[in-house]
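Asker: So you can see what is in the structure, the chains are spelled out below.
Number of protein chains: 4
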Amino acid sequence: MVRIAVLGCGRIGQMHAANIGRHPRTSLPVVYDIDAAAAAAVAGREGARVAASVEDVLASADVDAVLIASATPTHADYIEMAVDAGKPTLCEKPIDLGLARVEACRERIAGSSVPVQIGFNRRFDPGHRAARNAVLAGEIGDLHQVIITSRDPELPPRGYLEAAGGLLRDMTIHDFDLARYMLGEEPVEVFAVAGALIDPVLMGELDEIDTAMIVMRTASGTQCHINNSRTAVYGYDQRIELMGSTGMVQSGNRKPHEMRCYSAKSGEVAEPYLYFFIERYTEAFMAEIDSFVDAVEKGGEPEVSFEDGRRALILAEAAYVSIREKRLVQVSEIA
Amino acid sequence: MVRIAVLGCGRIGQMHAANIGRHPRTSLPVVYDIDAAAAAAVAGREGARVAASVEDVLASADVDAVLIASATPTHADYIEMAVDAGKPTLCEKPIDLGLARVEACRERIAGSSVPVQIGFNRRFDPGHRAARNAVLAGEIGDLHQVIITSRDPELPPRGYLEAAGGLLRDMTIHDFDLARYMLGEEPVEVFAVAGALIDPVLMGELDEIDTAMIVMRTASGTQCHINNSRTAVYGYDQRIELMGSTGMVQSGNRKPHEMRCYSAKSGEVAEPYLYFFIERYTEAFMAEIDSFVDAVEKGGEPEVSFEDGRRALILAEAAYVSIREKRLVQVSEIA
Amino acid sequence: MVRIAVLGCGRIGQMHAANIGRHPRTSLPVVYDIDAAAAAAVAGREGARVAASVEDVLASADVDAVLIASATPTHADYIEMAVDAGKPTLCEKPIDLGLARVEACRERIAGSSVPVQIGFNRRFDPGHRAARNAVLAGEIGDLHQVIITSRDPELPPRGYLEAAGGLLRDMTIHDFDLARYMLGEEPVEVFAVAGALIDPVLMGELDEIDTAMIVMRTASGTQCHINNSRTAVYGYDQRIELMGSTGMVQSGNRKPHEMRCYSAKSGEVAEPYLYFFIERYTEAFMAEIDSFVDAVEKGGEPEVSFEDGRRALILAEAAYVSIREKRLVQVSEIA
Amino acid sequence: MVRIAVLGCGRIGQMHAANIGRHPRTSLPVVYDIDAAAAAAVAGREGARVAASVEDVLASADVDAVLIASATPTHADYIEMAVDAGKPTLCEKPIDLGLARVEACRERIAGSSVPVQIGFNRRFDPGHRAARNAVLAGEIGDLHQVIITSRDPELPPRGYLEAAGGLLRDMTIHDFDLARYMLGEEPVEVFAVAGALIDPVLMGELDEIDTAMIVMRTASGTQCHINNSRTAVYGYDQRIELMGSTGMVQSGNRKPHEMRCYSAKSGEVAEPYLYFFIERYTEAFMAEIDSFVDAVEKGGEPEVSFEDGRRALILAEAAYVSIREKRLVQVSEIA
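Protein chains in written order, with this note's numbering: chain A, 1 to 335; chain B, 1 to 335; chain C, 1 to 335; chain D, 1 to 335.
Bear in mind the hints are in silico, worked out from the structure with no lab data behind them.
Any given hint could turn out to be false.
Since copy identity is lost for identical chains, a pair holds within one copy or between any two.
[Claimed, not checked] List of simulated lysine to aspartate or glutamate pairs, EDC-like, C-alpha gap at most 16 Å:
(1) 265 - 154
(2) 93 - 307
(3) 265 - 139
(4) 326 - 35
(5) 298 - 64
(6) 93 - 205
(7) 93 - 77
Could you put the whole structure together from the sequences, leaning on the hints where they help?
Answerer: Structure, rendered in structure tokens:
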């Protein structure tokens, strides 16, 4: 049993705390949040104790590893503290909203053998992973095109958007990581268009975008398209399509069950998709913990590394330059 | 938290013990099995203690209720003992393979207010339940026909078949219950045909059947068809279709994920279905416990009652008479 | 080019006349109807001439074969006349509503080598045929169960029902034929339940039924279920399921196109099915003509023979006895 | 009946000749091809006569309109001749491979009221049209994104590729037109990446590409993505997705029938898609003729105009500049 402390008890921290509690290979000794009441609530529900500080957590003898689910600006600091304390770390994405801070953190922890995993949960989705495995098994021959459809069910509240760092760093970052995972090589060119089509007034006030299309290309010529929307009213839409020389694979959306209704007015009606990431990626979040436990137990590079977190952010930066300057951007311009 | 003891630590008992351990409303204080080693293994894995006997379980102050997952011939005895001890009981199907023992048990516990629930888990499947709810909500008007497809993925081992009591009492009993649940009224007539089409030699030795079709009708005229096979090589096949005057609903099979492959040789290929009942009805087994906890906490008749267990067995007996005598059987002939 | 005359210019005759006109292997020299205006309308539209009588048609030098689409009571007479005239005949189902007349017709034409084909179009549906071919190719091993779902989109008008001869002779007759085709052997036992669930008042006045379930078994033990409804409000519902020892095949419904809509209120919505037999079985009706042309050109038994028409009617009669006497009926009791 | 002559008796001309012959509103009086034998073959099959020259066709009193299906370099010449002769014209795409010739033709026929329709058949596909109509009916609110997947089943022969004018002018031109139709407004910016991923050697010899991704944006900000491949081994892949503020619609691929097979080794297998454009767009080609007949009978602008043909070519030219110069191209740079 790997004893994992959770730092940050907001929505995603609560989910991780519950997952760690019921995962057969992990237990939850302690939680921490700057809001002590939030920490106490989670601790009570999950049978854990509350720590007084991050230092307190890292000094605890019954803590084998930490999961960072606190506010984004704390991520890099906590990673550094955890690595210093020798505690393997699973940190929610993004590492930081600024590439400079990511680079500094990278240098700071360079040389350490403490595993640092970034929370790109979608790689662990059974369908997405099976799609990637089909490529690795040669089932579609050479990979020619990757198409990622990624749309959230509704616009987050203004407060969330103000702190989120922008669509591409907050939401598309998952898709940049998934693109790299599916491509199996680095994109070298990025082109993006974006707009404020859903809520132009709010987006205007925030200098933000809500709808985007991206095209990337790798050195070997493989093409990748991502399309994003902040508001798919019909449900959280998460699809992968991999086109190859001898076949094609798709990983599609999940419904809560397989009931279909047929009537005179509407033909065949299927259930709406699972609402959002906690419901859609339930199995992925559990498998992510499993992968982290492997890294903790075996040491070495985790399946999703700090470098993966950094590369996804670099692609987001490249896409922002493309949008701003209305041109194709070489990833090498960024880093 | 309702503290539920598990009697019987075989395959289904192990599953229930794990479910009780991770269900947010229940805990597992103790387990029992006639094979002490089997009980010890489950107890160790789930953090419970081992009881020396059923009496020991029922006398324990930290046991609020019991789940009976032991061999079928013990079910009725344990139900009686648990009711005598005032412990609410969730008993795996069937109550007994013989109707006489069921009737005796029924008389023995008559008048008691201790909840006794029978483990017809399929009623709790989200898709099946949504289908039934669509009928109750009037979405398909008057119900005219119920079609239940129920096929196991492979023939059980000979030892299992020897003790199982026959296809209709072991496997179809679930479908008889589901038929009653979906119909919302009692079938009054039963006709069945059956054969040994999968393994005629083994079936001949066991005087058993492996493939069946049943037609039933209720007093109001609603029609119901069940088809069964012991070996659907393509996977556990569990479908419900409800045909009504203003619409139709279906509850279909679940796949582990939504990957589809497309190639020159095979067109579009979807994943196989979830293998068997533990995988297919995961959510249903958890919801069943939830329903049982409601019955324990609120008292009164559980959602799936002893009488439901008895009525399903009566339909199985009627179907056996139909097969033997090659005729339509009135349910009133049986009980 | 086979020159085919059409007898009967009602709905189905009009469809056949148009099909013969555009089929690459046939032409339409002449049409006939007791209602001369109806015949004239079709003749005008299709560029054919109008015959004064059936005798006139059969005496025409430019008529190689006839298609009988007139009222059911005329079928057997016209078959006999056409066979006497040496004209290969494609006759719409049923041969007659009474088995005695069918038997008389059978004796009358016995010994003739003039091809007589019965219009069981569904055998020619590409999906149904592919399903049967999968069985013949061994793709599902031994056939164990056949399930046929066959539901019309709406109740026909009273006048139609008064002349139709009853649900089983009018509508289910197609399913009896399809069952024999799919089974590849004769059913020997028939059990049926039926009711007036859709329009009890009208059905009561007509002594008719609108909803039925049938179970049949062949000598080798293969099981078959048919379920029928006169009113599937969600569309013409025509499905075949073939369950075997090593696999299963289904032939499903067709939609006019593959648009799907997704919205907040209804999840995923597919198009309604093609409305009724003329739309659903367009390709089947053309392939039926093709098969008839083969029989005309090569001589010998057509793919769907007079005997096929007779056997389907015998199954309908057996099912009526089963409904009336509430018992399992041996097909040998009928003929 | 509109009497339509066909110029050009290759693969697509043969299909059009047959369609005109069986369309209820048209007839085929005469065909022409520079290869007299090819013309004679079609004429024989369809019951038409052979013309000695295009001039001969245009001078014929029994020709109401012409369909141009000859080699691409003849299109603009024949359009001009037909317009001069006052014959409404349906011309296969593209008008010409060079924009200069298109512009010259445009000026030449400017001011004429003779209808000139371009053969962008996909607009007439029932599913694609229903998707567009759903947008027009407000079913998905404001249109935000259009995604077009368009992949041919196999690489055409070298000879075809040498004359085709390049992937974007030959194949993607359909998608550019469909994009404009679905968007309901003009793209103003085009970005494209392309490569030789399927057959790099042959593509290198021909200076050609076989795989492409395009992103476009309209003045109002609506985004559009097209992805193309010359070789989808799993079948002709033609999908449209329209994402809006209140919903999403998709128009998908068609299969020849709805058989599905289930087995131990492969789960659920559906039929391959219809092979190629003649099979996939059968209904669309017939509806295209219907629309052309409307234009002939009512006069005025056809549903798919000369200008539509010109605008699609302009988008192809813009995309070529984007590929060559690796930059975002303003459509206004081209024309």
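Asker: Name the hints, by number, that the structure is in violation of.
Answerer: Hint check: 4, 6 fail, others pass.
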